[in-house]
Amino acid sequence: MFSQLFGDPDDISNEANIFSALEFNGRGDLLASGDHGGSIVIHKKNDDIPQKASVRDVEGAENQWQVHCQFQSHEQEFDYLKSLEIEEKINHIQWGKPLGDSSFLYTTNDKTIKLWKVGRHMQRLPGAKYSSIRDGVLSLNRRQETSSAVSAMPKRSYCNAHAYHINSVSCNSDGESFLSADDLRINWWNSEINTSSFNIVDIKPSNMEELTEVITSAQFHPEHCNILMYSSSRGSIKLGDTRRSALCDVCAKVFEEPEDAASKSFFSEIVASISDASFAGDGRYIISRDYLTLKVWDTHMETKPVRVININDSLKSILCELYESDCIFDKFEIAVSPDGQKILTGSYGNQFSVWNKAGYAEHSIELQSSGGRSRTRDAAEADFDKKVLHCAWNPSSNTIALTAQAALYLYKV
Amino acid sequence: MDRPRSDSADLYQISLLIDQLRHDDPQIRVNATKSLNNIAEALGPERTRNELIPFINESIDDEDDVLLAIAENIGNLKRYVGGAEFLYTLLEPIELLAVVEDGSVRDVAVMAVVSIIEEMPNDHLLNYFVPFVLKLASKDWFTSRISATALFHIAYSRLPSDTQQEFRAMFSRLCADDTPMVRRMAAKHFGSLAAEMTRTEIQDELLGPFKKLAADEQDSVRIQTVGICIALAGALPTELQISEVLPVVLNIASDKSWRVRWSLAAKISEVGNVMGEQVTNGSLCECFENLLRDQEAEVRSAAAGNITKMCSIIRKDITISRIFPVVNLIVTDSSDHTRASCASVINYLAPLLGRDDTVENLLPMLLQLLRDDSSDVRLNIIASLDAINAVIGVELLSQSLLPAIVDLAEDSKWRVRFAIIEHIPRIAGQLGCTFFNEKLINLCMTWLGDDVYSIRRAAANNLCELSSQFGEEWAKEQIIPRIERMHTHTNYLQRMTALYGIQVLISSLSQPTVEEVIVPLIIQMASDAVPNVRLTVPRTLNDIVRSNGKKFRGNFLATCIQPALETLLVDSDRDVRFYTRQASEGVAAVIGGAQ
Numbered sequence: 001m002f003s004q005l006f007g008d009p010d011d012i013s014n015e016a017n018i019f020s021a022l023e024f025n026g027r028g029d030l031l032a033s034g035d036h037g038g039s040i041v042i043h044k045k046n047d048d049i050p051q052k053a054s055v056r057d058v059e060g061a062e063n064q065w066q067v068h069c070q071f072q073s074h075e076q077e078f079d080y081l082k083s084l085e086i087e088e089k090i091n092h093i094q095w096g097k098p099l100g101d102s103s104f105l106y107t108t109n110d111k112t113i114k115l116w117k118v119g120r121h122m123q124r125l126p127g128a129k130y131s132s133i134r135d136g137v138l139s140l141n142r143r144q145e146t147s148s149a150v151s152a153m154p155k156r157s158y159c160n161a162h163a164y165h166i167n168s169v170s171c172n173s174d175g176e177s178f179l180s181a182d183d184l185r186i187n188w189w190n191s192e193i194n195t196s197s198f199n200i201v202d203i204k205p206s207n208m209e210e211l212t213e214v215i216t217s218a219q220f221h222p223e224h225c226n227i228l229m230y231s232s233s234r235g236s237i238k239l240g241d242t243r244r245s246a247l248c249d250v251c252a253k254v255f256e257e258p259e260d261a262a263s264k265s266f267f268s269e270i271v272a273s274i275s276d277a278s279f280a281g282d283g284r285y286i287i288s289r290d291y292l293t294l295k296v297w298d299t300h301m302e303t304k305p306v307r308v309i310n311i312n313d314s315l316k317s318i319l320c321e322l323y324e325s326d327c328i329f330d331k332f333e334i335a336v337s338p339d340g341q342k343i344l345t346g347s348y349g350n351q352f353s354v355w356n357k358a359g360y361a362e363h364s365i366e367l368q369s370s371g372g373r374s375r376t377r378d379a380a381e382a383d384f385d386k387k388v389l390h391c392a393w394n395p396s397s398n399t400i401a402l403t404a405q406a407a408l409y410l411y412k413v
Numbered sequence: 001m002d003r004p005r006s007d008s009a010d011l012y013q014i015s016l017l018i019d020q021l022r023h024d025d026p027q028i029r030v031n032a033t034k035s036l037n038n039i040a041e042a043l044g045p046e047r048t049r050n051e052l053i054p055f056i057n058e059s060i061d062d063e064d065d066v067l068l069a070i071a072e073n074i075g076n077l078k079r080y081v082g083g084a085e086f087l088y089t090l091l092e093p094i095e096l097l098a099v100v101e102d103g104s105v106r107d108v109a110v111m112a113v114v115s116i117i118e119e120m121p122n123d124h125l126l127n128y129f130v131p132f133v134l135k136l137a138s139k140d141w142f143t144s145r146i147s148a149t150a151l152f153h154i155a156y157s158r159l160p161s162d163t164q165q166e167f168r169a170m171f172s173r174l175c176a177d178d179t180p181m182v183r184r185m186a187a188k189h190f191g192s193l194a195a196e197m198t199r200t201e202i203q204d205e206l207l208g209p210f211k212k213l214a215a216d217e218q219d220s221v222r223i224q225t226v227g228i229c230i231a232l233a234g235a236l237p238t239e240l241q242i243s244e245v246l247p248v249v250l251n252i253a254s255d256k257s258w259r260v261r262w263s264l265a266a267k268i269s270e271v272g273n274v275m276g277e278q279v280t281n282g283s284l285c286e287c288f289e290n291l292l293r294d295q296e297a298e299v300r301s302a303a304a305g306n307i308t309k310m311c312s313i314i315r316k317d318i319t320i321s322r323i324f325p326v327v328n329l330i331v332t333d334s335s336d337h338t339r340a341s342c343a344s345v346i347n348y349l350a351p352l353l354g355r356d357d358t359v360e361n362l363l364p365m366l367l368q369l370l371r372d373d374s375s376d377v378r379l380n381i382i383a384s385l386d387a388i389n390a391v392i393g394v395e396l397l398s399q400s401l402l403p404a405i406v407d408l409a410e411d412s413k414w415r416v417r418f419a420i421i422e423h424i425p426r427i428a429g430q431l432g433c434t435f436f437n438e439k440l441i442n443l444c445m446t447w448l449g450d451d452v453y454s455i456r457r458a459a460a461n462n463l464c465e466l467s468s469q470f471g472e473e474w475a476k477e478q479i480i481p482r483i484e485r486m487h488t489h490t491n492y493l494q495r496m497t498a499l500y501g502i503q504v505l506i507s508s509l510s511q512p513t514v515e516e517v518i519v520p521l522i523i524q525m526a527s528d529a530v531p532n533v534r535l536t537v538p539r540t541l542n543d544i545v546r547s548n549g550k551k552f553r554g555n556f557l558a559t560c561i562q563p564a565l566e567t568l569l570v571d572s573d574r575d576v577r578f579y580t581r582q583a584s585e586g587v588a589a590v591i592g593g594a595q
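Protein sequences, first through last, are from chains P and Z. Per the numbering used here, residue 1 is the first one in the first sequence, and the count goes up by one each step. Per the numbering used here, residue 1 is the first one in the second sequence, and the count goes up by one each step.
Calculated directly from the structure, the hints in this document are not laboratory data. Mixed in with the good hints, there may be bad ones.
[To be verified] Here are the simulated DSSO-like cross-link-like pairs (lysine-lysine), alpha carbons at most 30 angstroms apart as the crow flies:
| # | chain 1 | residue 1 | chain 2 | residue 2 |
| --- | --- | --- | --- | --- |
| 1 | P | 114 | Z | 139 |
| 2 | P | 204 | P | 304 |
| 3 | P | 204 | Z | 413 |
| 4 | Z | 34 | P | 114 |
| 5 | Z | 139 | P | 44 |
| 6 | Z | 212 | P | 97 |
| 7 | Z | 476 | Z | 551 |
| 8 | P | 97 | P | 412 |
| 9 | Z | 476 | P | 97 |
| 10 | P | 129 | P | 89 |
| 11 | P | 331 | P | 253 |
| 12 | P | 155 | Z | 34 |
| 13 | P | 155 | Z | 188 |
| 14 | Z | 135 | P | 155 |
| 15 | P | 304 | P | 97 |
| 16 | Z | 551 | P | 97 |
| 17 | P | 82 | P | 97 |
Chain Z on its own, in the form it takes in the complex:
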């Protein structure tokens, strides 16, 4: 940091900033707040503590944007208050920020506390931080109690044991608060506090509040229970897991609110990871099956998304005997989302099962999903084909794969077509060159002529990727002749796409090919009837020359490209002339630079 200078220009700047902190326009106030540390630096530590911080305290009656800016920048002041022993002075403005009604401001204020507490000396923690937290936790305003719930675990380990006890008692009280929002936030931070406590402490003091929260009347509180279960299970030994945490988990799985069941379905693999093998293979597995059969589609979707993760922690024989029959039901589920969710993860079961089991159990389901009505489902299967390829190779699928790809390629929704184009290079790599040539290459060329611009563009990029995958010879043999044919298409848009296609191909082709084959193709289009096509020629040439100009041999530019540009310079269309002028300048610059 530079030492603060005291010349008048700088002081004037700071004075301006200070006035802007209270300006009429909120945007100016926000910008000025971002320079709080400059002001603090100029004032020096003592004045920062005695004048600037009280000044900030008075600014806290303000709009949300400004409050957010203050909360974000108040932590930075910790370097300017004169050392760790003065960090406590920052707690005052933060206390005011922690009670505002806007949740995002409170969250940022809490994070500022975390960064300040890190450097606060332990005795100050006792004298300033502890009263700060206890005050917030007992205040009238429910927002301050909400902020307090996030603060108990921050410096817990550094406090003496009687203070820790006070904190635990206060936290338990917040878990039973009248206001539902406070209970919800207490539930959310329950796990972080539990992680700091010893086993006996948890057993004696936390299990009671935990069970009450799990049985709370408000749905929004019960939804947080799964998170607590995971944290508690991680901290308790197996017997206690089974006696205390597992019953709660099973209750969640049969809760009357689908949202609460959903919260379990979404995190069930994490629960399995902490609970140990016996539980996972036993009651949790049964739980999972029931969630997969739940009456609410959202719950089934969430569970389906976790199939692979769960199967990786359940024993293989149980997976095949108990989970797979239910997955079979999901594959024919009535809800599109559920099937799509299943399709996105099901391929990754293959490595877990091994070749034989995959062929026997998984393959029929995959084939069915490939023929699904919903395009999302088919897309999801195709997107994750790599996993299958590694285990059984794609040949077994290729019979069904091809119709599925063709269907998606001709889907009426352009975004679906777009998505399948993205996957083509990878599929091509897995299927191999010959298969691709036979079946898919014509498809790729039809895309170049699609109605939708984004598709044509994506198709051209697709060709580029394919030629870098399959090599230049393949490109020369297969792609370039087809593009040449497009040059004479009746629709001018096709001809323009052909030009773009050639341009992107250049990056994957060797220089001689570019000079002998590509550039002449481009120059051919200079005599096209439609001006739009003609003006694309100099633009393309310009791009090529600018990116690859130095690679051209000797006087290629002068002999081949410049003459073509010269004819276009006198074209009848104004835009053509404009772009040609640009291109000529570009070419001249490269020639000049080379010489």
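Next comes chain P alone, as it looks inside the complex:
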């Protein structure tokens, strides 16, 4: 059920407004979104509005979420050594452990990770006088009209640790460390120390000509502090155990479905690339998405996934055109419900779908600004410029957030 819309879905003129990252915080009351222009917008759930008296607009949606804070996280930079521009596009956002009323989030672009603190801060009055001298006596004026406003303060900047583009950031369950992953390496940081990090995975071959796979996403296990998962472009998911050895190149578990020789085609390798993978619920299951399917893996069984859900079968016939238009390389994210039973992912034509772990589609909806459900069009006939790449599922309520170019939709499921 449609809930709210931020931004204009038809406005694709300004590339800087196109969303590139989306994440709910642990408590479910804040939603952070990052865009191509390097800015972060944080929406807050307004619990002050009682359910019955909430303001409903014409379509009957509730305006429960409001813009809480907005700030510019990354700026465009230039790498002088390699003569390359470093884009300010936000690749990933992760919320850290909150402290009182303040929240912390890690944002990353291609090269630098930053830690921000979002909370109420005292606004300074420029030029205010706090002391005065009268008759040779010094007095302190403490009562000044100070207002406090919500703002974001940069706490730390973790830079120069990645030679390739950073694609994920993930916080460890110990509460004080996080990992950052780029195409070939994964580094483990302590949040307090921004001058050095441990490298725990390095899949760079000594001869770059032999490069066969890159890392597409990485995540720490939600409960075990020593387990990390990373997915690769060859369709395999690897679990590493940091307790076993200093370098986790040799993995504890590899989840890979051997390729079906019959259906092999020119595109099968590209299509097998995992665009997003995530632990579900308490970490027993891993859900991964590649271009055409969703796979549910049980961490206890490495040989094949528990379930393979074909979500975009109709695209198989037009893979050639999709390759020509580069759409075949689109990376769609997934989001898992807090109980681990439902999976949300987007598709072309501004459509998204919610699947049940048992393989059934529960919803399949085209995003529309005027809310309500609408019949979905066949994926092959959809508009390939309209894609729902990013999505997130609120961990404490049944709200989901999706992006379609420069628009952010909130739905209730």
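Since chain P is already given, all that's left is putting chain Z on it; use the hints.
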């Protein structure tokens, strides 16, 4: 301390400082915070307590740099609050500092508490400090609970026993806190609290939390266990050490996380020191052997670094029969770091073993490490040769030593060459003059002609050290003729290095030699074809004259040096003329000063 003056200029300064405390620019706020005690002094004790401290309390919503400055300077205010009975007023701003998210600010705030508590009277401790700690320990925010863990042991001994019991109970609760970071910090400060408690208290109340922490799910908590073991073992008698602490230590040694095993390997000698002979020679020794054979290279490196310390507390026969076979394996370990770590300490085993055992057991390993592929390993052996020299003399090694040194001297990485040059004077001293002349002196001269500037510089300094070690006659005989030959080298850089080499030699030579031999050599270069060389001449002369000018006899300066400078004053190159002018002025000043 000066008495606070109340003239308006000073008051204005203070007023300015106060405004700066809330200025827009954080850097200005930081600087103003450093003068907090000036403000306090001017306001006087009562106003400091009633106005300044609340003012500071309101400033605590701020950037990390400013908070750090406040935390560093808040302790200084203890002299300005009007005596020990008012120290408790400082606890309020510190409480606000102790809950911020930045760990370094919290640490400094805790240290400020320590300095304040020292002077607080005991009844105030009960009325103010104890509630302060208990409040921090039960607060919602995990950062305040983290700060609390560091505070329990500070004034523990001064508190009455029922309060001590309350503290112990609260601490045990923090050891089982939900947040891993709190448990980790509780583990870190466990030892300091245990040190303040009596044996029965430890036995009854601390052993339980200790074992739970040692079995914690989070690696970051278990890593702290070794520190606790060392502290507890120090406080408990032997039977309890063996029954309570030793099992935990052995568990750490076989922990599934290599980081936890590493924490033991790094501190194993300290564990041995507190645990007593029987344990050290028995189960701890076995533990150590296993760590040396661990599958993770980092653990082996840490253990290898502790070989000497462990062997100094283990009985010699056990060392030779059980540790040495494993050390032999380390010498051929696959990881460079492990071998390098071993090489840096292995020489110091010699004094422990005595001459015969060294020759029989240690020497083969040393010779193998000297031939190692990795330059770090060879460097580490050579760096600690003194220990060997004292026990068996270096002659037995010299056959292998020489090829090793030559190899390192020609290594492609300049930092390796740099490192070996540093060691040459010491090796030369141990090997003796004749050996050095035969084998190593040409090496030292080749370094003077190295491609890398830092090497040439280091080589010249090296010659200086050698000549002060071996004496002037040796220098005149061996070094100076070789340097003279460099003067006619085709490469101008070599000639410049030769000049620099002469200059540093001066400090180890006698004055007549300087006048008769060195200065003429320098002046010879004044007619060089390359301007860079020519301009080094007046610079060198200037340096010499400025440092040694007064030692020159009579009119040496006027007859020998000045004429040479005069020719350079009309040189075609502008830089040469510039430096010559400087040198002339310097010489003239010394001559003038002498007269």
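Cross-check of the supplied hints:
Taking the CA atoms of residue 114(P) and residue 139(Z), the gap is near 28 angstroms; set against the 30 angstroms cutoff, the hint holds. The suggested pairing of residue 204(P) with residue 304(P) holds, with an alpha-carbon distance near 27 angstroms, which does not exceed 30 angstroms. A hinted pair counts as satisfied when its Cα atoms are at most 30 angstroms apart, and residue 204(P) with residue 413(Z) qualifies at roughly 25 angstroms. In summary, the hint linking residue 34(Z) to residue 114(P) is supported, as the alpha carbons are separated by about 29 angstroms, within the 30 angstroms threshold.
Pair hint residue 139(Z) plus residue 44(P) holds up; C-alpha atoms about 26 angstroms apart against a cutoff of 30 angstroms. Of the pairs offered as hints, the one joining residue 212(Z) and residue 97(P) holds, with about 24 angstroms between alpha carbons and a cut-off of 30 angstroms not exceeded. Taking the CA atoms of residue 476(Z) and residue 551(Z), the gap is about 20 angstroms. The hint holds against a cut of 30 angstroms. Distance check on the hinted pair: residue 97(P) and residue 412(P) sit about 26 angstroms apart at the alpha-carbon level, within 30 angstroms; holds.
Of the supplied pair hints, the one linking residue 476(Z) and residue 97(P) is violated, its CA atoms being roughly 71 angstroms apart against a limit of 30 angstroms. Under the criterion of a C-alpha separation no larger than 30 angstroms, the hint pairing residue 129(P) with residue 89(P) is inconsistent with the structure, at around 41 angstroms. With a CA separation close to 24 angstroms, the supplied pair residue 331(P) and residue 253(P) stays within the 30 angstroms bound. Between residue 155(P) and residue 34(Z) the alpha-carbon distance is near 22 angstroms, which keeps this suggested pair within the 30 angstroms criterion.
For the hint linking residue 155(P) to residue 188(Z), the alpha-carbon distance of about 25 angstroms falls within 30 angstroms, and the restraint holds. Between residue 135(Z) and residue 155(P) the CA atoms are separated by roughly 27 angstroms; this keeps the pair inside 30 angstroms, and the hint holds. Among the hinted pairs, residue 304(P) with residue 97(P) is inconsistent with the structure: their alpha-carbon atoms are about 35 angstroms apart, more than 30 angstroms. Between residue 551(Z) and residue 97(P) the CA atoms are separated by roughly 71 angstroms; this puts the pair beyond 30 angstroms, and the hint is violated.
Pair hint residue 82(P) plus residue 97(P) does not hold up; C-alpha atoms about 36 angstroms apart against a cutoff of 30 angstroms.
Checked against the numbered hints given earlier, the structure breaks hints 9, 10, 15, 16 and 17 and satisfies all the rest.
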